[in-house]
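Number of protein chains: 4
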Amino acid sequence: MNQKKLNIGLIGCGFMGRTHSNAFRQAGVFFQPEFTPVLKAVCARTADTVENFAAQWGYESTETDWRKLIERDDIDLVDIATPNDSHYEIAIAAAEAGKMVMCEKPLGRSAKESAAMTAAVESAGVANMVWYNYRRIPAVTLAKQIIDEGKLGKIFHYRANFLQDWTIATDLPQGGEALWRLDKDVAGSGVTGDLLAHCIDTAMWLNGGIAEVSGMTETFVKERQHQLTGKVQPVTIDDASIFLARFANGSIGQFEATRYARGHKALYTLEINGEHASLKWDLHDLHRLQMFDHADEGRTRGWRSVHITDGDHPYMDRWWVPGLQIGYEHSFTHQFADFLTGIASDQPLSPSFAEALNTDRVTDAVLASAETRQWKTIGN
Amino acid sequence: MNQKKLNIGLIGCGFMGRTHSNAFRQAGVFFQPEFTPVLKAVCARTADTVENFAAQWGYESTETDWRKLIERDDIDLVDIATPNDSHYEIAIAAAEAGKMVMCEKPLGRSAKESAAMTAAVESAGVANMVWYNYRRIPAVTLAKQIIDEGKLGKIFHYRANFLQDWTIATDLPQGGEALWRLDKDVAGSGVTGDLLAHCIDTAMWLNGGIAEVSGMTETFVKERQHQLTGKVQPVTIDDASIFLARFANGSIGQFEATRYARGHKALYTLEINGEHASLKWDLHDLHRLQMFDHADEGRTRGWRSVHITDGDHPYMDRWWVPGLQIGYEHSFTHQFADFLTGIASDQPLSPSFAEALNTDRVTDAVLASAETRQWKTIGN
Amino acid sequence: MNQKKLNIGLIGCGFMGRTHSNAFRQAGVFFQPEFTPVLKAVCARTADTVENFAAQWGYESTETDWRKLIERDDIDLVDIATPNDSHYEIAIAAAEAGKMVMCEKPLGRSAKESAAMTAAVESAGVANMVWYNYRRIPAVTLAKQIIDEGKLGKIFHYRANFLQDWTIATDLPQGGEALWRLDKDVAGSGVTGDLLAHCIDTAMWLNGGIAEVSGMTETFVKERQHQLTGKVQPVTIDDASIFLARFANGSIGQFEATRYARGHKALYTLEINGEHASLKWDLHDLHRLQMFDHADEGRTRGWRSVHITDGDHPYMDRWWVPGLQIGYEHSFTHQFADFLTGIASDQPLSPSFAEALNTDRVTDAVLASAETRQWKTIGN
Amino acid sequence: MNQKKLNIGLIGCGFMGRTHSNAFRQAGVFFQPEFTPVLKAVCARTADTVENFAAQWGYESTETDWRKLIERDDIDLVDIATPNDSHYEIAIAAAEAGKMVMCEKPLGRSAKESAAMTAAVESAGVANMVWYNYRRIPAVTLAKQIIDEGKLGKIFHYRANFLQDWTIATDLPQGGEALWRLDKDVAGSGVTGDLLAHCIDTAMWLNGGIAEVSGMTETFVKERQHQLTGKVQPVTIDDASIFLARFANGSIGQFEATRYARGHKALYTLEINGEHASLKWDLHDLHRLQMFDHADEGRTRGWRSVHITDGDHPYMDRWWVPGLQIGYEHSFTHQFADFLTGIASDQPLSPSFAEALNTDRVTDAVLASAETRQWKTIGN
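Just so you know, the sequences run in chain order A, B, C and D.
Quick note: this note's numbering has the first sequence finishing at residue 810, numbered continuously throughout.
Quick note: this note's numbering has the second sequence finishing at residue 810, numbered continuously throughout.
Quick note: this note's numbering has the third sequence finishing at residue 810, numbered continuously throughout.
Quick note: this note's numbering has the fourth sequence finishing at residue 810, numbered continuously throughout.
Isolated chain A (complex conformation) (with noise of 0.2 Å):
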């Protein structure tokens, strides 16, 4: 039996805070790890909302400070699910504290902090993961495994847009609880760091680093009123961001994220060619897998959708049986699992705060390369 136990203490309750909670509850379940995780803690700041926060989802204890939460002996990994403004202190802090840690994403709201926060856990040399959970659909995962058989041959293009439409309505205000994402000071960017972030970390996963880019965003809605403090402000975040990027590897992409997409609700969505074959996925229908395979018969070939649901696609063995789709919320449950297989083993987490740091130098230069209008190198 699972003698070991590995207990987590979240802090934050929103969104995130529920899939990663449960993600902690079907981990254990579904796939019997070494570790058996405990759901020791939470904490938010508000008394109310924590303590109903665990008696849905069962933590044994609350706190409304997150400093008291990192003090506490009893957590063994700390999970921040916080808005992005929080991410900095308090992942530096639990490091400093030896815990382990996982971060929401993006890692911090520049790669400034995020280098800083890598530096921390590295030099702590505590375990740490930064929760990409995308890379985690089973037909992404999939995706990735068939790239690295070398299928796919040279890569050419790579494609991927995060197109949603919840921001177009003029009426809608600015910051507060549910608004952070709009509010520059708390999300560090717009949809850069909110949706491009994702679809920058899985190219760079599926397809290697990217060199350079040329990036352009615009704010459609120049001034909200702000929940906080209900006036009438500018909107300083990007509410669209769109590039051009040359990759390592000599293939070419475009990006493209924004709120003001009308019909598309959270279309992420990726598409890379090669010399033989070409993927294509996208979160709407996020368990599908479509491939094109040129050794395919010539009068027979064409794209395949792929029903990813069988056992010997990633991570299916562990649910149920061929045709019977899972969800988005899976994604989670599977990074968490992969978490524990990696500390119970000594593996390489993945992402890791330096991989997410990775991203967020992407994100700064397509923000850079918008407001100088230039083409900007990725550094390191």
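Warning: the hint list may mix true and false statements.
[To be verified] To give a feel for the contact side, a few chain A residues facing chain C, derived at Cβ under 10 Å:
(1) Gly458
(2) Ala485
(3) Gln486
(4) Leu713
(5) Trp749
(6) Val751
(7) Ser780
[Unchecked claim] Sample of chain D residues with no beta-carbon within 10 Å of chain C, all distances over it, derived:
(8) Asp615
(9) Gly639
(10) Glu642
(11) Gln655
(12) Gln657
(13) Glu705
(14) Thr730
(15) Asp740
(16) Asp742
(17) Ser780
Since the hints were derived computationally from the structure, they do not count as laboratory data.
A virtual CB, placed ideally from N, CA and C, is assigned to each residue, including glycine.
Using the hints provided, position chains B, C and D relative to the given structure of chain A.
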């Protein structure tokens, strides 16, 4: 150069008169046949109608009595595109006059009529063909090739639907010029002869003979005003027709046709499931063939959407370049090109009157089964 | 806080034991019901099996004799997830012991068994429900709402298929632990009770009672080695089952289930065509509902692919945010959440044993029709 | 009856010569224009080629020197379907001879050539049009109507890709008869002028002028054997071309064209996102328009797949009946029918040379931007 000419006499200026005329014109250009089709004469009862039609399509002359057209020495091929109730008389007269005969489907209003028509062309020894045009949609022709190559292995299932929705309105009249398909005396039956006949023709072509059927029909709107009498009269056609089938090869089938499937204009779908592979096609995306090949590697096995626009796809070397789709009308052009090739090379013409008679035996059996509520064996 | 507890005793540790257990766990967290589900005991014949299962899923105790479990005072709800041949005995015993009873579908192996089971729960006055889980796929629940609102008008057609391909290999054995679905004594029937039953339950829920049927079955592979006896024995289940139906409301239907449709893993499809609108859904893209609304403006009328992930879609306010799909397992969670709500509010539980009995009457009629080659009226 | 004749002189017998010839023939029949098109003469350099072409398509006479054709009094319209490097000279000569001029796209090899060509037709006052045929795909024309009616509201985003894969093989030669598109001297540029030009023409037609661009090009295969010289020579065209755009109306766009997108034959896709609604279309399913209308009721809002085959869809009243799709070639027929209507009614012809010049200004800017790595403003 093409020295031989084939003089065509078309009877009927409706929808099918138009599709046939286009085929005559286009086959000559795109397939460069040994016999050059000549639009020699067209016939319809009303002088104005037939003269306008001839002017539009380039027919050299007109007739208003089909018997006159058949008598003419300068006509090689009589093409019948009239409502169903005149197919019988015209076809037999044309055969007896020694003309080649092409006939719009269904051949007769019943197997009895069709048997006499078949006997007439066979006894006269004249070239004959029935316009079951869907066999010559390139995707369907490719399906035939794949099945004949044995790629599917033993067949288990066949499914075909033909779904329309244009007669739902209760104030739609029946009978007369445009609506003769709703008049049983003229049409012979409702959707069974009109739509199911297509499904059955393709099914037997792809999957062999049908041994027995259990059918069911329904007339949803019981009375409609008749266009000719002006009176509200009972509707005697079948609005919908469904049947179960056993094929001679041991596979089983389900078929359905209706004009009450809201949202579907002309959705002819077919699917065939074999031991090793399956195929699907539908008329609303007629330029695609769906194929599932179990021999594909397990992880990346999926339904392939094959875009039938390449030079190695049936008929497609005559049209454009890969990726550029053709349409509905081309199926008639292909059929007529094959007719021209067939008569030049003395090869079998298919579907012949004899094949179309077999289809009518099945439609008769479906109607008889629906009426008697018994399974019916298909005789000959 | 949730003070009331509902103690669950699960019988059966197979595939359905897993889906139910997940539902018990997740319903408590995501739906915050008045009754908190407690995984009190689980029962299976083999001690090792049941102990491992209990450890994995968090059951407090185990039994190896289901009668013992039923006798226990600390069990409120008996949940039956065993093969079909023990549903009858367990359900009746549980009802007689005054327990609430949930039973995996089909209820009995025949309407005769199901009638006795229904009488038992009704006579005992205990809460009862059958796991026809597909009603609680949010897209299917939404279809029900739309139909009940009258949006479709008069119904003309209903179509449902359940297509699988996992028994095509002739060397697949029958019977025993994992393959009892191929053993008629255990399962009651083949695909009729296993797959068609789902189609029939949903159909009658959405479109009302079925009046009569004409069915046809086929067993493609006639002999298989039996896992328990080791001998090659005749296969007595139906591998495929198709039927025509007349509904009480005058609409007509076609249904098919098979395990020989190469390329389809668990493709449950349904479509309903009404005077004003039509709906389509399938299990391979379970998070989408297709709708055609004839009231839309003519030029831009088309099938809408509705991504069922919004807060105003059934059950979806409990999960994530728009665009993020859930999966198969959630249908069980929703059903159990509704069960908990139902018993707390004394509202009807559906599908009840009585409703499942009606489904079994139809499956019995389909099988009888196939055997006698006659139409069968559905009695009560 | 149609008494007026329009005598056509076609120059060029390649792929585009075929599409134009088909359009001349079909427009006369299906659109019954006031002017009847007459295939008076066709010209190509090789006598055999041009005679075969004339015989196949029904041209009355042939020329092997385009200057001769232009000099002829019996030619009203000169249609240019030659490789790009002769558009300039022919168009100007034809205009100076007072002929109507239609020219295959792109107009010139550069905006400089196009400006002179435009000046020539405007100075001569002759009817002129450029074959940007995709505007007349009925789904695209319908998109234009919907946008012009204001249905989309303020536009935020425009996206277009044109993806092909036919030049991936490294042993494909460049230049010469069939492969002049790979020869920069003849073509002017690679995919920018060939494919992106289509995307830009449609984009500006639907969404107004483009103000500035940031582009990037790539040549994946650096050397190929040249068909004319037989030598391995550097490839100087752009194999792929991507750019970001700012439209005059404030919306932003991304565009991509490539011949290295494995799996895509001719996948021209476009999408436009507005405040109230969005539209999508692609060339591989050219008979469908996707529309999302935010005004639809929330629960059943979704992307509509509109099957553009009804009588109230643009141009479709001239073809068949609902549900029956047309193909690629029809876009040329529609354009020529509109040309005939335009000259009969003295209405503007579009796209005119002046409009095509604007497109070339954008393609020039894309190439210049790619070379200089700077944003480029579109001048006039």
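Practice problem: Please name the hints from earlier in the document that this structure breaks, with their numbers sorted from lowest to highest. | Solution: 7, 14, 15 and 16
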